[in-house]
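Each chain is listed here by its residues.
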Amino acid sequence: MACKLGIPQGLLFYDYYPLWKEFFKELGVEVVLSSKTNKEILDKGVSACVDEACLPVKVFHGHVEDLKDKVDYIFIPKFISIRKREFICPKFLGLPEMIKNSIKDLPPIIDTEINLRKSNYKLMKAIFETGRHFTYNFFKINSAYKKAFKYYTDYKRLITKGVIPMEAIRVYSKCINNVENRNDNSLRIMVSGHPYNIYDEYLSMRLIKKLKKDNINVITPEMIKEDKINYYASKLPKRMFWSFGRKIVGSAFSVMEEQKVDGIIYVSSFGCGLDSILIDLVQRKAKALKVPFTLLTVDEHTGEAGINTRIEAFTDMIKWRVKNENNIPTHG
Amino acid sequence: MRITFPHMGNTYVAVKAMFEDLGHEVVVPPKCSKRTLEIGTKYSPETICLPLKINIGNYIESIEKGAETILITGSCGPCRFGYYSVIQKEILKDLGYDVEIIVFDPPDGKPLELAKRIMKAAGTKNVFKIVRSFQKGRKVLEEVDNLVDLSNTKRAYANNPFEIDSIMNGFYENIEKVHGVTETMKLIKDTKSKLRRIKVNKNKKIVKIGIVGEIYTVIEPFVNLEIEKKLGHMGVLVDKSLTPTKWVNHNLIYGPLGLSEEKKVWKAAKPYLSTLVGGHGRETVGSAVLYAKENYDGIIQLLPFTCMPEIVAESILPTVQKDYNIPILTLIVDELTGEAGYLTRLEAFVDLLRKRREEKVNEGILSGS
Numbered sequence: 001m002a003c004k005l006g007i008p009q010g011l012l013f014y015d016y017y018p019l020w021k022e023f024f025k026e027l028g029v030e031v032v033l034s035s036k037t038n039k040e041i042l043d044k045g046v047s048a049c050v051d052e053a054c055l056p057v058k059v060f061h062g063h064v065e066d067l068k069d070k071v072d073y074i075f076i077p078k079f080i081s082i083r084k085r086e087f088i089c090p091k092f093l094g095l096p097e098m099i100k101n102s103i104k105d106l107p108p109i110i111d112t113e114i115n116l117r118k119s120n121y122k123l124m125k126a127i128f129e130t131g132r133h134f135t136y137n138f139f140k141i142n143s144a145y146k147k148a149f150k151y152y153t154d155y156k157r158l159i160t161k162g163v164i165p166m167e168a169i170r171v172y173s174k175c176i177n178n179v180e181n182r183n184d185n186s187l188r189i190m191v192s193g194h195p196y197n198i199y200d201e202y203l204s205m206r207l208i209k210k211l212k213k214d215n216i217n218v219i220t221p222e223m224i225k226e227d228k229i230n231y232y233a234s235k236l237p238k239r240m241f242w243s244f245g246r247k248i249v250g251s252a253f254s255v256m257e258e259q260k261v262d263g264i265i266y267v268s269s270f271g272c273g274l275d276s277i278l279i280d281l282v283q284r285k286a287k288a289l290k291v292p293f294t295l296l297t298v299d300e301h302t303g304e305a306g307i308n309t310r311i312e313a314f315t316d317m318i319k320w321r322v323k324n325e326n327n328i329p330t331h332g
Numbered sequence: 001m002r003i004t005f006p007h008m009g010n011t012y013v014a015v016k017a018m019f020e021d022l023g024h025e026v027v028v029p030p031k032c033s034k035r036t037l038e039i040g041t042k043y044s045p046e047t048i049c050l051p052l053k054i055n056i057g058n059y060i061e062s063i064e065k066g067a068e069t070i071l072i073t074g075s076c077g078p079c080r081f082g083y084y085s086v087i088q089k090e091i092l093k094d095l096g097y098d099v100e101i102i103v104f105d106p107p108d109g110k111p112l113e114l115a116k117r118i119m120k121a122a123g124t125k126n127v128f129k130i131v132r133s134f135q136k137g138r139k140v141l142e143e144v145d146n147l148v149d150l151s152n153t154k155r156a157y158a159n160n161p162f163e164i165d166s167i168m169n170g171f172y173e174n175i176e177k178v179h180g181v182t183e184t185m186k187l188i189k190d191t192k193s194k195l196r197r198i199k200v201n202k203n204k205k206i207v208k209i210g211i212v213g214e215i216y217t218v219i220e221p222f223v224n225l226e227i228e229k230k231l232g233h234m235g236v237l238v239d240k241s242l243t244p245t246k247w248v249n250h251n252l253i254y255g256p257l258g259l260s261e262e263k264k265v266w267k268a269a270k271p272y273l274s275t276l277v278g279g280h281g282r283e284t285v286g287s288a289v290l291y292a293k294e295n296y297d298g299i300i301q302l303l304p305f306t307c308m309p310e311i312v313a314e315s316i317l318p319t320v321q322k323d324y325n326i327p328i329l330t331l332i333v334d335e336l337t338g339e340a341g342y343l344t345r346l347e348a349f350v351d352l353l354r355k356r357r358e359e360k361v362n363e364g365i366l367s368g369s
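Going down the list, the sequences are from chains A and B. Here the first sequence is numbered in full-length UniProt numbering, starting from 1 and rising by one per residue. Here the second sequence is numbered in full-length UniProt numbering, starting from 1 and rising by one per residue.
It is worth saying that the hints were derived from the structure and are not from the lab. Careful: at least some of the hints might be erroneous.
Claimed, not checked - When the alpha-carbon atoms are kept at most 25 Å apart in a straight line, the in silico SDA-like pairs for lysine to any residue are as follows:
#1 B:Lys270 <-> A:Arg85
#2 A:Lys238 <-> B:Lys229
#3 A:Lys104 <-> A:Val32
#4 A:Lys68 <-> A:Ser243
#5 B:Lys89 <-> A:Ser243
#6 B:Lys229 <-> B:Cys32
Bound-form chain A, shown alone:
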């Protein structure tokens, strides 16, 4: 018998999907994904969720609505902390509870608690707790996790080579070594922000694709190596206690300090609590180092035309800047 397990395509999906998928596949579970974010999912989510939540959380509600009649279980792990003395956004901490209280007639939810704030040993506990829904064989769970983790490392490696996670999800299992050659003369723009905002093509209005079409090299926080992120994040006056925050700020600081980008586009969802702090930190640094910076705030009313105009204006501005940089008249 193949149990059907639903995974909503939202929030942490973009960080962990390969790991989850391979793990459950090894356990003989059929993984069902919700459809890609679309108007219908967004509308369902907006009506199910409390008004004040941010857009990605609303969209996540929509994905669960989309899945609930199709599967036997839904996987919504409760991520509290993925690194010592760090947290995930508070809304993730209560995500399973939010879903359970906002959406009726749900199939059973697997809401394993993942809390590595104090020690890493809890990871194994969380893995067994998740696997126990399907098999009592601990060895099987363990080997499934090990195999899945190998795939996950491949996936991560692909991303650090510059592959956008959405593409990496499609190809990580096939071994491809020659990643597309990048045109080194073209512009390099960092698209910064939470993975669930920048990689969700509906929310970000295909921002990355648009930039690539314009022959621009796109860098995202996931592509920066972990040790670099940690090094630059440690330069902050106070230890960053959000894992996402550390990644976003550390990666943005590293590319700016090492002069690896010509500009930064920050995609944020309206009302995001972390972003209100992170944007301020990144923007101040960009101002100090004279790196062009623009902020795109998205919510359920954002229109694509306005976003396009802003992207075009931003890239045009950078192009002129690069072109005219050496043409400064001697008399100022």
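Since the structure of chain A is already known, use the hints to place chain B on it.
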């Protein structure tokens, strides 16, 4: 060293007295006003939560009055309050203010750093003296909280609630004039005895409302548009789930020892929310359950716009409302909140609660019990 600190309800009474006893000159920021908020909104990041904006307003108004050192507390997540100090330092630096900011962060692996900062703020290395003045400060805080509770109860039952208002206004005016712990305590005592003399109508039919939510919004009267006073005038007995005393007891005294009262609240929240969500999200859910069990007529949840932990709580509260059959009203405040609309919602809510109560009584009569 002229010390200042951000406002948070009545905490300033205790902090002022404590530092005056330690021999510092204290600049109490002017009472939060529209101007405070305007200054704060102008210089803060756009989407940050309301408390930071008001803090910034407080600092700038204090600096205008001559403050040189700012004392603030901190935390280490997951609520964004933990990063307040960094952002605030940057904002003040950008504005060109030359002030020193001393942050009391939780030890987070460096206990000596915190001790050093406390000694610096206290201006003495005598640990005994620091502990003693802290205890005195705590006592003042407790007494002020009691005073406010007393005034809330009296207001609900009083024949003329405006008498209470005038006594309390007098108290807040005089607090600026007194110096040190002893004088402050005396003032509190005098005010209390004045309040006790007010005539009350014990037979007045009152409704009981519990207030839960984000701590700053619950405690600071400017932010919640004096909700206790407004409700008091409608004949409502108000109880707040969070007070400065409870915060100090939990975070500084009993919490680290594991003896905190909050455990009871956490236990009540467990069926709905089993883990922490930062801020006071879990306490909001737990307190709502406890109020419902204590037969309160209604619950009001207060939160600043975009507060992350409270949004989680907000989405859980409807289930509590259904399970315990108790009305819950959520009020969200930000710099654009209008007083008239706010008042209308409160009045409608109180009317609803009264109606429900009458119906309950009538049911009893009809069924002959």
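Okay, the hints, checked on the actual structure:
no. : hint                  : verdict
1   : B:Lys270 <-> A:Arg85  : 23 Å, holds
2   : A:Lys238 <-> B:Lys229 : 39 Å, violated
3   : A:Lys104 <-> A:Val32  : 20 Å, holds
4   : A:Lys68 <-> A:Ser243  : 30 Å, violated
5   : B:Lys89 <-> A:Ser243  : 23 Å, holds
6   : B:Lys229 <-> B:Cys32  : 16 Å, holds
Consistency with the previously given hints fails for numbers 2 and 4, ordered from lowest to highest.
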